[in-house]
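**Q** Chains A and B, in that order, are what the protein sequence lines are.
Following the numbering used here, the numbering of the first sequence begins with 48 at its first residue and continues without gaps.
Following the numbering used here, the numbering of the second sequence begins with 174 at its first residue and continues without gaps.
Hints were generated in silico from the structure; no laboratory data involved.
Among the clues, some could well be false.
As the list claims (entries may be wrong) - Chain B is faced by these chain A residues, among others (derived, beta-carbon under 7 angstroms):
no. : residue
1   : LEU301
2   : THR318
3   : LEU323
4   : ARG493
Stated by the list, open to error - Some residues of chain B that are not near chain A, with every Cβ distance over 10 angstroms (derived):
no. : residue
5   : ASP214
6   : SER251
7   : ARG272
8   : TRP278
9   : GLU279
10  : LEU368
11  : VAL453
12  : ASP465
Claimed, not checked - Quick list of simulated restraints, FRET-style, between CB atoms:
no. : chain 1 : residue 1 : chain 2 : residue 2 : range
13  : B       : VAL430    : A       : ARG92     : 35 to 45 angstroms
14  : B       : VAL468    : A       : GLY298    : 55 to 65 angstroms
15  : A       : ARG102    : B       : GLU320    : 50 to 60 angstroms
16  : B       : PRO398    : A       : ARG103    : 35 to 45 angstroms
17  : A       : ARG103    : B       : PRO323    : 15 to 25 angstroms
The beta carbon of each residue, even a glycine, is placed where N, CA and C say it ideally should be.
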Amino acid sequence: MSRLFESYSQARGFDEAFDSEGRPRPLYSKIIDRFSDLDADDLRRIEVVVADEFRRQGITFTVYNDDAEGLERTWPIDLFPRLIAAAEWESVARGLEQRVTALNHFLDDLYVGERAAVNDGIVPEWLITSSKGFERQAFGISVPNGAHCSIAGIDLVRDANGDYAVLEDNLRNPSGISYVVENRAAMVKAFPRLFENYTVQPVDQYGEMLRRVLESMAPPSSSDRPNIVILTPGVYNSAYFEHAFLARSMGVELVEGQDLLVDDQVVYARTIHGPLPVDVIYRRIDDAFLDPVSFRSDSTLGVPGLLGAMRAGTVTVCNSVGNGVADDKAVYPYVPAMITYYLDEEPILPNVQTYVMWDADQRAAALHRLDELVVKPVAESGGYGIVIGPHATDQELDECRRVIEADPRNWIVQEVVQLSSLASMSDDHLEPRHLDLRPFVLTGARTEVFPGGLTRVAMKKGSLIVNSSQGGGSKDTWVLAENGTR
Amino acid sequence: MILARHAESLFWVGRYLERSETTARWLEVASRASMHLLPEDAAVEWSHLVEALGLGKLLDDDGKDRSDVVDFLLTSNSPGSVRASLEAVRENLRVARDRVPVELWEAANRLHLQLGALAVRSSFDQPHEIFRTVREGCQAISGVLSEAMPRDEGHAYITIGRMLERSSLTLRLLTVANQPTTAEAETIFDADRVLRSSSALQAFRRRHAHARDAITVTSFLLVTPDLPRSVLSCLRYLEGRLASLDQGARVMESSQVVAGRIRSGLEYGDVRSALEDDPVRYLRELRRAVDDLAVTLGTSTFRPLGEPNMHAQFVRPGRSLR
Numbered sequence: 048m049s050r051l052f053e054s055y056s057q058a059r060g061f062d063e064a065f066d067s068e069g070r071p072r073p074l075y076s077k078i079i080d081r082f083s084d085l086d087a088d089d090l091r092r093i094e095v096v097v098a099d100e101f102r103r104q105g106i107t108f109t110v111y112n113d114d115a116e117g118l119e120r121t122w123p124i125d126l127f128p129r130l131i132a133a134a135e136w137e138s139v140a141r142g143l144e145q146r147v148t149a150l151n152h153f154l155d156d157l158y159v160g161e162r163a164a165v166n167d168g169i170v171p172e173w174l175i176t177s178s179k180g181f182e183r184q185a186f187g188i189s190v191p192n193g194a195h196c197s198i199a200g201i202d203l204v205r206d207a208n209g210d211y212a213v214l215e216d217n218l219r220n221p222s223g224i225s226y227v228v229e230n231r232a233a234m235v236k237a238f239p240r241l242f243e244n245y246t247v248q249p250v251d252q253y254g255e256m257l258r259r260v261l262e263s264m265a266p267p268s269s270s271d272r273p274n275i276v277i278l279t280p281g282v283y284n285s286a287y288f289e290h291a292f293l294a295r296s297m298g299v300e301l302v303e304g305q306d307l308l309v310d311d312q313v314v315y316a317r318t319i320h321g322p323l324p325v326d327v328i329y330r331r332i333d334d335a336f337l338d339p340v341s342f343r344s345d346s347t348l349g350v351p352g353l354l355g356a357m358r359a360g361t362v363t364v365c366n367s368v369g370n371g372v373a374d375d376k377a378v379y380p381y382v383p384a385m386i387t388y389y390l391d392e393e394p395i396l397p398n399v400q401t402y403v404m405w406d407a408d409q410r411a412a413a414l415h416r417l418d419e420l421v422v423k424p425v426a427e428s429g430g431y432g433i434v435i436g437p438h439a440t441d442q443e444l445d446e447c448r449r450v451i452e453a454d455p456r457n458w459i460v461q462e463v464v465q466l467s468s469l470a471s472m473s474d475d476h477l478e479p480r481h482l483d484l485r486p487f488v489l490t491g492a493r494t495e496v497f498p499g500g501l502t503r504v505a506m507k508k509g510s511l512i513v514n515s516s517q518g519g520g521s522k523d524t525w526v527l528a529e530n531g532t533r
Numbered sequence: 174m175i176l177a178r179h180a181e182s183l184f185w186v187g188r189y190l191e192r193s194e195t196t197a198r199w200l201e202v203a204s205r206a207s208m209h210l211l212p213e214d215a216a217v218e219w220s221h222l223v224e225a226l227g228l229g230k231l232l233d234d235d236g237k238d239r240s241d242v243v244d245f246l247l248t249s250n251s252p253g254s255v256r257a258s259l260e261a262v263r264e265n266l267r268v269a270r271d272r273v274p275v276e277l278w279e280a281a282n283r284l285h286l287q288l289g290a291l292a293v294r295s296s297f298d299q300p301h302e303i304f305r306t307v308r309e310g311c312q313a314i315s316g317v318l319s320e321a322m323p324r325d326e327g328h329a330y331i332t333i334g335r336m337l338e339r340s341s342l343t344l345r346l347l348t349v350a351n352q353p354t355t356a357e358a359e360t361i362f363d364a365d366r367v368l369r370s371s372s373a374l375q376a377f378r379r380r381h382a383h384a385r386d387a388i389t390v391t392s393f394l395l396v397t398p399d400l401p402r403s404v405l406s407c408l409r410y411l412e413g414r415l416a417s418l419d420q421g422a423r424v425m426e427s428s429q430v431v432a433g434r435i436r437s438g439l440e441y442g443d444v445r446s447a448l449e450d451d452p453v454r455y456l457r458e459l460r461r462a463v464d465d466l467a468v469t470l471g472t473s474t475f476r477p478l479g480e481p482n483m484h485a486q487f488v489r490p491g492r493s494l495r
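Sequences and hints are given; from them, build the entire structure.
**A** Next up, the structure:
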């Protein structure tokens, strides 16, 4: 093996490319061969090509820090790809489909149906009504196909045995799909020889797939060519690139709140020829900003009267409002039970072992060994506010105990998942880095899983934090076709 | 369909693109000419340039020596500079990014990055590299516009913006050139510079080998039908694109009427006599009519449902979006 792997020493947990004896796993052997032919200078040259490609297209993301000024960085991608074999993916995809189907049943049951799951004690009522994501305004707003969540991003991790588990559900505004598509485009351009020995499932069809899903979400009254728009907070939003990317790949208009108006419960876009009716809105702004009449009155991003139009059924908004109750981290422990309840199936993908802090016994046990566990606030995302016990100081852990005792509803505690790792470039050699995976699950007339997803990589050895807002990177994720290795 | 907001952004893409290209070209011509002038005469020339660009108020009266003006117009953060204009092109393209060809955004982004890199190391003594970069960058953008963009509504608005800005700037250039320059109210018309600034010197030579007087040159730049920078060409082109938008949209008619009126005045009116009579007044009136056209367009199409909110001529649109 070349110098690139010379100092490679496995991290804790499951190494996706090498077995515990340090031998290349068969899935990766051709990739490892290819990298062994190269040295650090070769890789650096390729990295420059990729970075130029991203900069040329202006593919950047914004990091917000305490100075309020956002910093623009080019998207960080590691050249060593992540591979998933066809059979393995098939099982993961079935698990994702099952989970999102159950979550949509839950949301429809809660907001439109009889609240059967609550009445049958599957999820405690007080937990739902105390959720920040629970939205009383969503009552009675039915959606075509019962798809309250048309676009879901489910964060997966692999444990010490390499088994997949769900870390988090994102049912509101999951982002990252544009990077999946652009990562692949850049890799194909900069590193074509890497693909020689593999047949990889394509990813550039996302726009068509999403368009089909959104068309199937149009209100029954609309024409068979429904008018779809994407609603963005605007050019200063950190995900604006993605919003423009999606509009372009679907061939639909990218609108801001000021471009829409509601008249007599119908939504219109302001065009140069006057108002034009809108059938489906893929919105990328949060519930709170969607409609200043119903939610935050100081919002200038939203559309006054939009909720009324949704209720009247003249327009479908994807994702629908109030989804936050189902991806509340405090509700997450109940998702496996939802699957059994609604689908009468065994959950294919397990949760990470989670302790709820409002249960006195679980709390006492967890606080006792907090230095071995992970503490998460239920209402944060992007990796903010997480305390990893083994890496925390005594002082931090004491502070955790104090805030948990003060407000148990706001915290969950989980076993540390020793995330799987994969070889990644560090200076002039490859080192293992921990990673997770965010696949995207689309629901219209039926639920479909997009092949692969966004692999996020921790940028420091041993770190378990992979969020791009926390300095994480990404990898191109290859789901292989059947018999995809040559 | 096109959103009114996107139409407005693309209109400003056209205006700022034209303004950057023109400013860089005028600067290039002026810096070449000023090498042969005494410093005090050069100062007068520079102040004319700034005035023709309508930026007099922005530049302090006492600061108009060569270095200040070049820096001010080329790379400063001042809203009238080439760099700021190109930034406005990029920002407005970003707003409408989903409906223009990817290559268009990439060309604008590349120019922005190149200029940023040049501005750091290039001093005012070596502005020619910047001139060339801007010229070639703008040509690349024009190339994408002409070869890769469908002639849709978005394209129409970019073109309309360019033609408006181009005719407005040509009229400004001619107004300043025709102004009396000395205390004795004697006009020294610098035909060579005016023609070079309009990329029209060669074309002029071929047709008017001997006459180089102010009226011949001025009317050449006003009414020559096949010269891409003549005001008549701009207005004809603009009128055609306005007509292409008019698919049962009443809002468009008012702009078309205004454009047609100015165009027919140039096409059928006695331009020569008007120039012999009082060139500066005639040119000013023309420019006012062109500027009014921009306002009509703004109130009738960009904000048909709300208050008119045209950007001030030199306020960068990107900022008002925050």
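**Q** Now, for every hint given, state plainly whether the structure supports it.
**A** Hints, one by one, checked against the model:
About 4 angstroms separates the beta-carbon of A/LEU301 from the nearest beta-carbon of chain B, less than 7 angstroms, and the hint is met. This hint holds: A/THR318 has a C-beta 5 angstroms from the nearest C-beta of chain B, less than the 7 angstroms allowed. A distance limit of 7 angstroms between C-beta atoms decides the matter here; for A/LEU323 the minimum to chain B is near 5 angstroms, and the interface restraint holds. Nearest Cβ of chain B to the Cβ of A/ARG493: about 28 angstroms, over the 7 angstroms cut. The hint is violated.
With a cut of 10 angstroms on Cβ distances, B/ASP214 stays outside the contact zone with chain A, its closest approach being about 44 angstroms. Residue-level check passed: B/SER251 sits 22 angstroms from the nearest beta carbon of chain A, beyond 10 angstroms. The beta carbon of B/ARG272 sits about 7 angstroms from the closest Cβ of chain A, which is not more than 10 angstroms, so the claim that it is off the interface is violated. Taking the minimum C-beta to C-beta distance to chain A, about 7 angstroms, the non-interface status of B/TRP278 is violated against the 10 angstroms cut.
Listed as a non-interface residue, B/GLU279 fails to keep its Cβ farther than 10 angstroms from every Cβ of chain A; the least gap is roughly 6 angstroms. Separation of B/LEU368 from chain A is adequate, the least Cβ-Cβ distance of about 37 angstroms exceeding the 10 angstroms criterion. For B/VAL453, the requirement that its beta carbon stay farther than 10 angstroms from each beta carbon of chain A is met, with the minimum near 36 angstroms. Even its closest Cβ contact with chain A, about 20 angstroms, leaves B/ASP465 beyond 10 angstroms, as expected for a residue assigned away from the interface.
Distance hint check for B/VAL430 and A/ARG92: the Cβ-Cβ separation is about 60 angstroms, which falls outside the suggested range of 35 to 45 angstroms. With their beta carbons about 33 angstroms apart, B/VAL468 and A/GLY298 fall outside the hinted range of 55 to 65 angstroms. A C-beta distance of roughly 24 angstroms is found between A/ARG102 and B/GLU320, which places it outside the suggested range of 50 to 60 angstroms. In this structure, B/PRO398 and A/ARG103 meet the distance hint of 35 to 45 angstroms, their C-beta atoms being roughly 40 angstroms apart.
Against the hinted window of 15 to 25 angstroms, the Cβ-Cβ separation of A/ARG103 and B/PRO323 comes to about 23 angstroms, which satisfies the hint.
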